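Asks: Mind docking chains H and W on chain Y? Use the hints.
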Amino acid sequence: MSTAATGAAGAGRRAGDEPVLDVRGLHVRTRHTELLSDVDLTIRRGERVGLIGESGSGKSLTALAVLGLLGEGLTATGGVHLAGHEGNLLERSEGGLARIRGDDMAMVFQEPMTALNPTMRVGAQVAEAMTVHGSASRSQARRRAVDLLDQVGLPDPEHAARAYPHQLSGGQRQRVVAAIALANDPVLLVCDEPTTALDVTVQALVLDLIVTGVQSRDAALLFITHDLAVVATVCERVLVMYGGRIVEAGPVGQVFTDPRHQYTAGLLAASDLTAAGARRERSALPTIPGTVPPAGRFPDGCVFRNRCPAATGQCATRPPWTPRGDHGAGETASGYACFYPAGGELR
Amino acid sequence: MSEVASGEVVRSEAVSSEVPAIRLQDVGRDFRRPRRSLTQAPPVVHAVRGVTLDIERGERFGIVGESGSGKSTLLRMICGLDRPTSGSIEVEGRPIHNQPAARLGWLRHTLQLVFQDPMSSLDPRMRVRDIVAEPLVAQGQGSGAARRARVVELLEAVGLSADSADRYPHQFSGGQRQRISVARALAPGPDILVADEPVSALDVSVRAQVLNLIDDVVDGFDLTLVFVSHDLSVVRHVCDRVAVMRQGEFVEVAPTEQLYADPRHPYTQQLVSAIPDLHAALDGRAAADLARAVRERSPDA
Amino acid sequence: MSEAGSPAGMMPSTPVVGTGRRHLNPSLFVGGGLVLLVVAMALVSYVWTPYPPMRVLGTEAYQTPNADFWLGTDRFRRDVLSQILVGARTTLYVGVVAVGVAALVGVPLGILAAMSGGWLGQTVMRANDILLAFPALLLAIMFAALYGGSTQVAMIAIGIATIPSFARITRSGALGVMSTDYVTAARAAGHGPFAIALRHVLPNVAGLVIVQASVAFAIAILAEAALAYLGLGTPTGQASWGRMLYEAQSTLRSAPHLVLVPGAAIALAVLGFNLFGDGLRDYLDPKLERR
Numbered sequence: 001m002s003t004a005a006t007g008a009a010g011a012g013r014r015a016g017d018e019p020v021l022d023v024r025g026l027h028v029r030t031r032h033t034e035l036l037s038d039v040d041l042t043i044r045r046g047e048r049v050g051l052i053g054e055s056g057s058g059k060s061l062t063a064l065a066v067l068g069l070l071g072e073g074l075t076a077t078g079g080v081h082l083a084g085h086e087g088n089l090l091e092r093s094e095g096g097l098a099r100i101r102g103d104d105m106a107m108v109f110q111e112p113m114t115a116l117n118p119t120m121r122v123g124a125q126v127a128e129a130m131t132v133h134g135s136a137s138r139s140q141a142r143r144r145a146v147d148l149l150d151q152v153g154l155p156d157p158e159h160a161a162r163a164y165p166h167q168l169s170g171g172q173r174q175r176v177v178a179a180i181a182l183a184n185d186p187v188l189l190v191c192d193e194p195t196t197a198l199d200v201t202v203q204a205l206v207l208d209l210i211v212t213g214v215q216s217r218d219a220a221l222l223f224i225t226h227d228l229a230v231v232a233t234v235c236e237r238v239l240v241m242y243g244g245r246i247v248e249a250g251p252v253g254q255v256f257t258d259p260r261h262q263y264t265a266g267l268l269a270a271s272d273l274t275a276a277g278a279r280r281e282r283s284a285l286p287t288i289p290g291t292v293p294p295a296g297r298f299p300d301g302c303v304f305r306n307r308c309p310a311a312t313g314q315c316a317t318r319p320p321w322t323p324r325g326d327h328g329a330g331e332t333a334s335g336y337a338c339f340y341p342a343g344g345e346l347r
Numbered sequence: 001m002s003e004v005a006s007g008e009v010v011r012s013e014a015v016s017s018e019v020p021a022i023r024l025q026d027v028g029r030d031f032r033r034p035r036r037s038l039t040q041a042p043p044v045v046h047a048v049r050g051v052t053l054d055i056e057r058g059e060r061f062g063i064v065g066e067s068g069s070g071k072s073t074l075l076r077m078i079c080g081l082d083r084p085t086s087g088s089i090e091v092e093g094r095p096i097h098n099q100p101a102a103r104l105g106w107l108r109h110t111l112q113l114v115f116q117d118p119m120s121s122l123d124p125r126m127r128v129r130d131i132v133a134e135p136l137v138a139q140g141q142g143s144g145a146a147r148r149a150r151v152v153e154l155l156e157a158v159g160l161s162a163d164s165a166d167r168y169p170h171q172f173s174g175g176q177r178q179r180i181s182v183a184r185a186l187a188p189g190p191d192i193l194v195a196d197e198p199v200s201a202l203d204v205s206v207r208a209q210v211l212n213l214i215d216d217v218v219d220g221f222d223l224t225l226v227f228v229s230h231d232l233s234v235v236r237h238v239c240d241r242v243a244v245m246r247q248g249e250f251v252e253v254a255p256t257e258q259l260y261a262d263p264r265h266p267y268t269q270q271l272v273s274a275i276p277d278l279h280a281a282l283d284g285r286a287a288a289d290l291a292r293a294v295r296e297r298s299p300d301a
Numbered sequence: 001m002s003e004a005g006s007p008a009g010m011m012p013s014t015p016v017v018g019t020g021r022r023h024l025n026p027s028l029f030v031g032g033g034l035v036l037l038v039v040a041m042a043l044v045s046y047v048w049t050p051y052p053p054m055r056v057l058g059t060e061a062y063q064t065p066n067a068d069f070w071l072g073t074d075r076f077r078r079d080v081l082s083q084i085l086v087g088a089r090t091t092l093y094v095g096v097v098a099v100g101v102a103a104l105v106g107v108p109l110g111i112l113a114a115m116s117g118g119w120l121g122q123t124v125m126r127a128n129d130i131l132l133a134f135p136a137l138l139l140a141i142m143f144a145a146l147y148g149g150s151t152q153v154a155m156i157a158i159g160i161a162t163i164p165s166f167a168r169i170t171r172s173g174a175l176g177v178m179s180t181d182y183v184t185a186a187r188a189a190g191h192g193p194f195a196i197a198l199r200h201v202l203p204n205v206a207g208l209v210i211v212q213a214s215v216a217f218a219i220a221i222l223a224e225a226a227l228a229y230l231g232l233g234t235p236t237g238q239a240s241w242g243r244m245l246y247e248a249q250s251t252l253r254s255a256p257h258l259v260l261v262p263g264a265a266i267a268l269a270v271l272g273f274n275l276f277g278d279g280l281r282d283y284l285d286p287k288l289e290r291r
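Protein chains in written order, with the working numbering: chain Y, 1 to 347; chain H, 1 to 301; chain W, 1 to 291.
Treat the hints with caution; some may be incorrect.
[To be verified] According to the in silico footprint, chain H covers these stretches of chain W (three or more CB under 8 Å from chain H):
| id | segment |
| --- | --- |
| 1 | 171-183 |
| 2 | 186-200 |
[To be verified] Among chain H residues calculated to face chain Y with C-beta under 8 Å, some are:
| id | residue |
| --- | --- |
| 3 | Arg94 |
| 4 | Asp203 |
| 5 | Val234 |
| 6 | Ala291 |
[To be verified] Just a sample of chain H residues kept apart from chain Y, beta carbon distances all over 10 Å, derived:
| id | residue |
| --- | --- |
| 7 | Phe31 |
| 8 | Gln40 |
| 9 | Arg103 |
| 10 | Arg150 |
| 11 | His230 |
Derived by calculation from the structure, the hints in this document are not laboratory data. These numbers were taken from a predicted model, which means no experiment stands behind them. We put the CB at the ideal spot given by N, CA and C, even for glycine.
Next comes chain Y alone, as it looks inside the complex (with noise of 0.2 Å):
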């Protein structure tokens, strides 16, 4: 399966590796409502997968369950496997979460500010993230962590590790935030919208330094985010959520050319603004109608069903998932949940 998206593909990668993460059917709900209903998800060894929906999908709940992290008052049920890890995550105990967390899958997250301790030296930071995990002793942790900001690319990394966080820009923060979560080689990277709080400029260096970290370390990325062309930027394969459940998966050059699912076809035109003509003629942009519901009030059946044009009264039972092509990921990583698929005809 070739992506043509991605420059340099991961160097070692075999076909049927072992999934790094392997989720199956996860529920997140709170005692009154369902947030996200039967996720399924399999990442490989050296693959950059992204997850894209708007505010209100699920997107960012699904990181936070995958790493165990959900608020009080959430309940997740499924399976969540990650390689070298026996069992299910989601029934392991607090303290045993705590041990892989930061070690063999590591999290970026939107706000560096919030994600740093403001009252530390950023090079005790990353030291930190080794001496917890028992992964270097306490004067290898300091010169590792050196490497690492110069790795991240901090300018006189030396320096570097001696400021505090708010002597730093934010996209200096993201790249320690970023040096942290890859101190213990991790085997799968959760990154939910690292680059929305940054400049244009600064995000094309964070998100070169990410797909950097990664593909030299051979490890699996889940990467998050609403922006459609920093998906196809940084992933090789994509995932559509909308209200709390996967709508469409595939290939980034097959979903995002010959998309499937009526709102994957909605969001693409709606988002390209590109489009030839679009500015000159003054032709009013594609839109899709209403606005993303609150959570726990999309409809039942097909979640898109009451702002999609296709929509009939098939919709109100739930669109079967229609596997499309033969990934090596499994059926769930290639394929559709709509009964009237978009033919393929983005313009």
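Replies: Showing chains H and W alone in chain Y's frame:
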């Protein structure tokens, strides 16, 4: 129209008899940082430096810049919410840079604003009717009944139902709140609409709706649009002409298509090449390529 | 608009959540009930008490609650229930006046400090800090020494000492409001500072002020009790829950009900005002509505 007064610089290219909607001449704004030492003078930040610009009536003008570029400061001065430390600003030929707030009443129905954050731009304790009517109340326009009728008219113009008037902002989604914001801005019948990152906080599927709305009202009400954004692709879609701002200065001002097709200033080149683009990505432009372009075209290099 | 033809009618014109109706939350219900109880006691005392509250009766001292004296009698052979009823007046009087003084001065000062900035704002807040350095009780004792111990002096002293907390909390809330876009929008609409203070700042800091008022009310009740207990507030011969505690302290072991009854009254009133403040804040917040 005899505004020859402030013109040492007579523009040769603008022979048009019409006064520009907005004229900025060598506008600068310095901020004094808090004192760090008892003996040294407090440091001064030059947020905006030497900006000169005419925005013609009916034009859609974009200002692009990254955080800290001074675009927000410039915007506040254009709106008469802040005063420049040097230079002059005229709106429809009348100076606003040297006027106390009390004498800018006319500006409040000439020029109106739409903000970025749909959460903080509407007072959570006010009903939509009072929010939309606020500019009318402030300027003492119309009776109670006339205002109520105007509010309904405005809500319908931005695609909201009349019964929205009785509700509170939190009952609306982000896109709907931006519609309310637009309705409020249109209330006093302005000539100029200033939009400060109006779609940055919105979801993709809603962004298109709000961009279309802005397009509709600018056309329908014959407005001059000043559109500020960090997102070049949005500005490209909306504007006729774009200024790129960096460290308080305009580094390049050009018609939109020209700026994208043939950026002259190294910073513009860097900015244009750093935008992730769906089509380019599908053609194989990876993160490493974006990053390389940013490094190669650094204006400081 | 271009969003015609949506089949199930999720049109953008439909607000996405809520009905706009407000509901009586449990805090408001319980707190309001306790506050009403105190008010009712004070009102009843004007028309009826079982016995004249301060009169020495021809009966035994230290009686435990019984059919004739529902809450017993004290060491001066006075009826406890009658004193409690009349004492509710003192309590409310002290609370209302002290909080009124503090809020009427403190809230405008806080808004002024937040909106003016510069030297004026700085001066207001520094003066505030100086006042804050005086504990309420110390100020009350000073006032009592200067003007003699009375309920009025006590509550004005408590009120003045509470001004800084109102000014401070109002200022911090107002600073937040001043930084929002809706205030910028109001300025761009042509509203002057006074209109902005009334239309936007005050309503949006009201929640903070209400909670602060309920806390201050509770503190004022306790402070009055403490002053009366020290013999500096409500003079002998007037009913006050604090004074009742003061007079009962020597018989804590032999007649515990004389401590328990006013103690419980104070505790319930304090609890009631706190709950009432929390509940009222939530009730007035349009974001917290019936779903």
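Asks: Hint by hint, say whether it matches the structure.
Replies: Results of checking the hints against the structure:
Check result for the segment 171-183 of chain W against chain H: holds, 3 residues qualifying (beta carbon to beta carbon below 8 Å, three or more required). Check on the segment 186-200 of chain W: 10 of its residues sit with their Cβ under 8 Å from a Cβ of chain H, so the three-residue criterion for coverage holds. Checking Arg94 of chain H against chain Y by beta carbon gives a least distance of about 30 Å; that is not within 8 Å, so the hint is violated. With 8 Å as the threshold, the beta carbon of Asp203 of chain H comes within range of chain Y, its nearest partner Cβ sitting at about 4 Å, so the hint holds.
Because the smallest distance between the Cβ of Val234 of chain H and any Cβ of chain Y comes to about 6 Å, under 8 Å, the interface hint for this residue holds. Because the beta carbon of Ala291 of chain H sits about 3 Å from the nearest beta carbon in chain Y, less than 8 Å, this interface hint is met. Every CB of chain Y is more than 10 Å from the CB of Phe31 of chain H (nearest about 19 Å), matching its label as outside the interface. Non-interface call for Gln40 of chain H relative to chain Y: holds, since the shortest CB-CB distance, roughly 20 Å, exceeds 10 Å.
Arg103 of chain H, annotated as away from the interface, keeps every beta carbon of chain Y farther than 10 Å; the closest lies near 38 Å. Distance to chain Y confirms Arg150 of chain H as a non-interface residue, since its nearest Cβ pair spans about 26 Å, more than 10 Å. Distance check for His230 of chain H against chain Y: the nearest CB is about 7 Å away, which does not clear 10 Å, and the non-interface claim fails.
Checked against the numbered hints above, the structure violates hints 3 and 11; every other hint is satisfied.
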